[in-house]
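Asks: Just so you know, the protein sequences line up as chains Z and X, in that order. The first sequence runs 7 to 407 under the numbering used here. The second sequence runs 7 to 407 under the numbering used here.
None of these hints come from the bench; they were simulated from the model. There could be a bad hint or two in this list.
Pairs count within a copy or across copies, as identical chains cannot be separated in the list.
[As the list claims (entries may be wrong)] Once the Cα atoms are required to be at most 20 Å apart in a straight line, the calculated DMTMM-like pairs of lysine to aspartate or glutamate come out as:
no., residue 1, residue 2
1, Lys228, Asp75
2, Lys197, Glu405
3, Lys264, Glu18
4, Lys332, Glu399
5, Lys317, Asp231
Residue-level listing of the chains:
There are 2 protein chains.
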Amino acid sequence: MTNYRLRCISCEKEYVPQRSLYYCQECGPLMGTLEVIYDYDNIKIGRDFSKTASITQFSDLLPVKFQTDMDSFVGGTPLIRLKNLFGSDEIMIKFDGVSMSGSYKDRASIIAINKAIEYGFDTIFCASTGNAASSLAILSANTKLRTYIFVPSTIPKGKLAQLVAAGAIVLPLIGTYDEAFDISMDIGLKKGWYCRNSAINPYLLEGKKTGAYEIIVQNDYKVPDFCFVSVGDGTVVSSLFKGFMEFNRLGLTDRMPKIIGVQAEGASTLKRVFENGKPYLPVEEKVHTIADSISVGNPRDVIKACQYMEKYDGEFISVSDEEILKGIMTLGSTTGVFSEPAGATAFAGYMKMMRNRRISPEQSVCLVITGNGLKDIHAVENAVNVNNYKKEEIYNMLEGV
Amino acid sequence: MTNYRLRCISCEKEYVPQRSLYYCQECGPLMGTLEVIYDYDNIKIGRDFSKTASITQFSDLLPVKFQTDMDSFVGGTPLIRLKNLFGSDEIMIKFDGVSMSGSYKDRASIIAINKAIEYGFDTIFCASTGNAASSLAILSANTKLRTYIFVPSTIPKGKLAQLVAAGAIVLPLIGTYDEAFDISMDIGLKKGWYCRNSAINPYLLEGKKTGAYEIIVQNDYKVPDFCFVSVGDGTVVSSLFKGFMEFNRLGLTDRMPKIIGVQAEGASTLKRVFENGKPYLPVEEKVHTIADSISVGNPRDVIKACQYMEKYDGEFISVSDEEILKGIMTLGSTTGVFSEPAGATAFAGYMKMMRNRRISPEQSVCLVITGNGLKDIHAVENAVNVNNYKKEEIYNMLEGV
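Same shape as in the complex, but just chain Z (with noise of 0.2 Å):
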């Protein structure tokens, strides 16, 4: 753990830390995300990093003591480097999909958890639409922290057994992510337990970075010139702009990736509100889209996403569901890489940028694939359901191959 304070991203006042400040007290929990801030002149690294350790060695970078059995098991996801695919000369695939719970979110959940037993809490809530819940978790399970969960009913099947097998209180309502999560802040806050929603909590965004710090560990310290993620709350977008900068501000890299932040076209408010310019300010909308981890319609990180994308000069695009489910089966069958609906909605993404010839063969890709294609099994059903054979109908099928 390093020293650290927090400020307000709207006034940019300053608050030392305390047990329950989760956002600045003038502004609100909307406009008044508060960020981490380091003294970066007295944080003194190198180039020494692993290729495969977890998110502990960038504990100089994070402002919590890392004191769990699951610490350890948290980041050092493969970084998957492929050469001339989907006419890239290079393309890198940061998949998350393969961690504890399946999903980028365990690097979040690790450093609640973690800041829950500094403080001396009991308990810890979250409302998520099933990533952050499952991650939470299976990663507290082995602490004494008591969980509930905040999930909307339609969470698919594979994360609700995450939960109930990991021993969380589940309450799945009726009703959408951001009606849950308004539910949750309402009960989870007046309990006084630690609450672990995104944009709320403030340390959630300095787990989620080291996703950025590891693309560049992993492909010696080179930057890629472009950085494909897929956006809901706009969290973890943000925490991507926030890890490459830091690595750009410490000297570790010379500069920044283009990134592009990725919405269904059915959950695509935060593109709407930064298109719109200056102020950026929350809003809520209707949506629907298959891919369920993104399906966000009162998005809570707008405006430090729409500051960074701003500052670093990145762009928020969308694609439909259609091509949403047509990326699982591209990116499956061409990289061995299995994606639940939001990941894939990365590669669309990329693959929409390609189509209309923004990129060139000669500039480096890396998607950033957020969760396991085994999460969410449902979304791909109709390509599931494959025939069944008796022994004559497969030899007869197999006759003149």
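Given the coordinates of chain Z, assemble chain X onto it according to the supplied hints.
Replies: Frame of chain Z; chain X shown alone:
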């Protein structure tokens, strides 16, 4: 890659490796399994392996030249070390559910794929209960190999989804795994395809043994007193014996662990064969268990598994489907490790031996959990049928908490 030769486990005749040599030409496929033999006296390795690196770090002990883009993403799975659980002072969980395809079988498939490439095959095939197949499909997706998969049509949906998304040619047979195995051998060998079938291809075990290596390395070269693993065909348990044996033979450890092979009561053929004593002969039985990965009535690695069990004082035990299902939930809620039924079978076996006071608290235990629970959520469907709630119901329920 290091020098090696092949030796029949029945008649001990030695062979020089050849393109399509899978078993002893004198003893046949069931009795004449070939084992890979090295000149251990000429292998010089020290205690300097990485705790997180992939299986490529064990090249000096493997019969293969790694040359695919996925080699670096096999192995290096977590060894989670926990204190004071279930009555044991120390328990280790080797969790291969965190891997590219979510099962232990990645270790074997990557070896088969590299061998197929080395020998110039254009097609590879396997029969599988599901995990071997999905690992083969996923790890070969980015190679030039065509992949044919023979599975029983009862394959869990998650595993089938992986296969289809990875672009393999899938042939679900209305029949058992054992029947799919026989058909695959008949067709695949006639066609001249490369065979990635358990216990037939002698190189698969070499990949699987790396799990034992990693347990030792990740536990600082200390040998656990007990090692539990589920048993179907008998290949994984044999591979663990060989891995532990080799590290011991090379002077990296001072002894062997006691290995317990755990079978489902409804599919405990190997246990019965072993307990009936020599000669250990292949048999065929009708089997039924919820643990699909080990639902094997005609185990293919009978002789080798029994020979190892006898030589190193191992033991077969069996547990009921009810114990397996309970094991999934107990393991998950206590440790966060979400296991498919076959994986939890190892845990259920450990719990049974604890109940029977066969293990004392100070004896260290390693559980090899071979597959991710997301692969077969149907198995825990009853547990996953949680109620959905309206907003007011959630408020009411939590009022008194």
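Asks: Tell me, please, which holds for lysine 332 and glutamate 399 at an alpha-carbon limit of 20 Å: within, between, both or neither?
Replies: Intra 29 Å, inter 39 Å, cutoff 20 Å: neither.
Asks: When Cα atoms must be at most 20 Å apart, do lysine 264 and glutamate 18 count as within-copy, between-copy, both, or neither?
Replies: The answer is neither: 26 Å in one copy and 61 Å across copies each exceed 20 Å.
Asks: I want to check one pair: lysine 197 and glutamate 405. Are their C-alpha atoms no more than 20 Å apart within a copy, between two copies, both, or neither?
Replies: Between copies only: 9 Å across, 67 Å inside.
Asks: With identical chains, the pair lysine 317 and aspartate 231 could be close in the same copy or across copies; at 20 Å between alpha carbons, which is it: within, between, both, or neither?
Replies: Within one copy only: 16 Å inside a chain, 57 Å across chains, cut-off 20 Å.
Asks: When no copy is specified for lysine 228 and aspartate 75, does a C-alpha distance of 20 Å or less occur within a copy, between copies, both, or neither?
Replies: between (32 Å within a copy, 19 Å between copies)
Hints 3 and 4 from the earlier list are contradicted by this structure; the remaining hints agree with it.
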